[in-house]
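**Student:** Listed here are the chains, written in short residue letters.
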Amino acid sequence: MAEYQIQIGNEVRDMTEEEIVQRDKDLADSKKLAKAQADRAKLKTATLAKLGLTEDEVAALLS
Amino acid sequence: MGVNAQIEVPAFTAGQILTAAEMTQINTGIPVFATTVTRDAAFGGAGEKVLAEGQYAYIESTNQTLFYDGSSWLPVGTTPGMVYITGAPFTAQGTVSMAAGTFTTTYKNYQVELVVTSCSAQVQINVRVNAAGTPQTGASYFWGTGQFNTGGAFSGTGAGSSSTPQIMGTDGTRGTMGQINVFDPTNASSYTHVTAGSFGNISGGTGTIYGGYFYNATAAHDGLTFTTSSGTITGYYRVYGLSES
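For the protein sequence lines, the chains are A and B, in the order given.
Quick note on numbering: the first sequence equals residues 1 to 63 in the numbering used here.
Quick note on numbering: the second sequence equals residues 64 to 308 in the numbering used here.
Everything labelled a hint here was simulated from the structure, so no lab data went into it.
Note that the structure is predicted; figures quoted are calculated from it, not measured.
Please note: incorrect hints may appear among the correct ones.
Stretches of chain A that chain B covers, calculated by requiring three or more beta carbons in the stretch to come under 8 Å of a beta carbon on chain B [what the hints assert, rightly or not]:
no.	segment
1	3-10
2	19-29
3	33-41
Computed Cβ-Cβ distance ranges for the label pairs, DEER-style [claimed, not checked]:
no.	chain 1	residue 1	chain 2	residue 2	range
4	B	Thr142	A	Thr47	29 to 35 Å
5	A	Arg13	B	Ser293	18 to 24 Å
6	A	Asp14	B	Asn212	35 to 41 Å
7	A	Ser63	B	Gly267	19 to 25 Å
8	A	Lys42	B	Ser252	40 to 46 Å
9	B	Thr169	A	Ala49	54 to 60 Å
10	B	Thr142	A	Leu61	49 to 55 Å
11	B	Ala155	A	Leu62	18 to 24 Å
12	A	Gln5	B	Thr149	18 to 24 Å
13	B	Gly133	A	Gln5	53 to 59 Å
14	B	Thr258	A	Gln5	24 to 30 Å
15	B	Asn279	A	Ser63	30 to 36 Å
16	B	Phe211	A	Asp24	32 to 38 Å
17	B	Thr213	A	Ile20	33 to 39 Å
All C-beta atoms in this analysis are idealised placements derived from N, C-alpha and C, irrespective of residue type, glycine included.
Using the sequences and the hints, build the whole thing.
**Tutor:** Structure, rendered in structure tokens:
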């Protein structure tokens, strides 16, 4: 497992095994979330292309 | 009128013999006491002034100046509405936790300043609540953010039943700085709410970000933990309690 540190108040110490497991899970979850956001952005671009509209035109329609 | 109330501010002449009453009248400086116990013992005895409205006292043990209003001793000056509790600097950390017991029942609501002066990369920051000093990592966060980029474009993100409440994020070079409000964290019967207003980057581009969540379980919380989505952050946090009077 990777080595991580945690700061609690002013104290910095190495993470416990349980904390490392959680940290690895956090990093994986963040990657998943970032991928989902990137996929959503791609879908948005693709949908705009299908419609033949610019982002400004869509924004004007929704305003 | 209290027994110590003055009806004149006397001026004396050279060579004048002062009476005990006149000396008592001009004995108006703020007396200094070691503690409130020695203060209370210093009035009302034989040869001592009677404690009465308008009396001041300085207490060494608490470095406070107090005045007596006729029934109790009160601090001089205005009680601050926002009271500094604690803070800490952090350097190149991926996880920064407040110590257990940072939020107490002394205040209902808290304000936290999170200042990230630099970071290893553009990162999102999970702002989790702690229970007994331990960050709550379950899928109980219902969070959402809106970001207005410098170009004016708006983007939003969020999730329900999530374990990653990413309500702040850093510009890759310049970090992020923001204010977090924590509502009713120590009430075990309510759902702790957290909101954050900041400037940074959560979802592409840099801009003004407003985010927040409720923790979807009734529980008491005593602090926050900041965890990056990757990499590390450097900066400091400050915690303030919001008083009710």
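**Student:** Now, for every hint given, state plainly whether the structure supports it.
**Tutor:** Do the hints match the structure? See the list:
no., hint, result
1, 3-10, "holds (count 7)"
2, 19-29, "holds (count 7)"
3, 33-41, "holds (count 4)"
4, B:Thr142 to A:Thr47: 29 to 35 Å, "violated, 56 Å"
5, A:Arg13 to B:Ser293: 18 to 24 Å, "holds, 21 Å"
6, A:Asp14 to B:Asn212: 35 to 41 Å, "holds, 38 Å"
7, A:Ser63 to B:Gly267: 19 to 25 Å, "holds, 21 Å"
8, A:Lys42 to B:Ser252: 40 to 46 Å, "holds, 44 Å"
9, B:Thr169 to A:Ala49: 54 to 60 Å, "holds, 57 Å"
10, B:Thr142 to A:Leu61: 49 to 55 Å, "holds, 53 Å"
11, B:Ala155 to A:Leu62: 18 to 24 Å, "violated, 42 Å"
12, A:Gln5 to B:Thr149: 18 to 24 Å, "holds, 20 Å"
13, B:Gly133 to A:Gln5: 53 to 59 Å, "holds, 57 Å"
14, B:Thr258 to A:Gln5: 24 to 30 Å, "holds, 29 Å"
15, B:Asn279 to A:Ser63: 30 to 36 Å, "holds, 33 Å"
16, B:Phe211 to A:Asp24: 32 to 38 Å, "holds, 33 Å"
17, B:Thr213 to A:Ile20: 33 to 39 Å, "holds, 37 Å"
Consistency note: the structure conflicts with the earlier hints numbered 4, 11.
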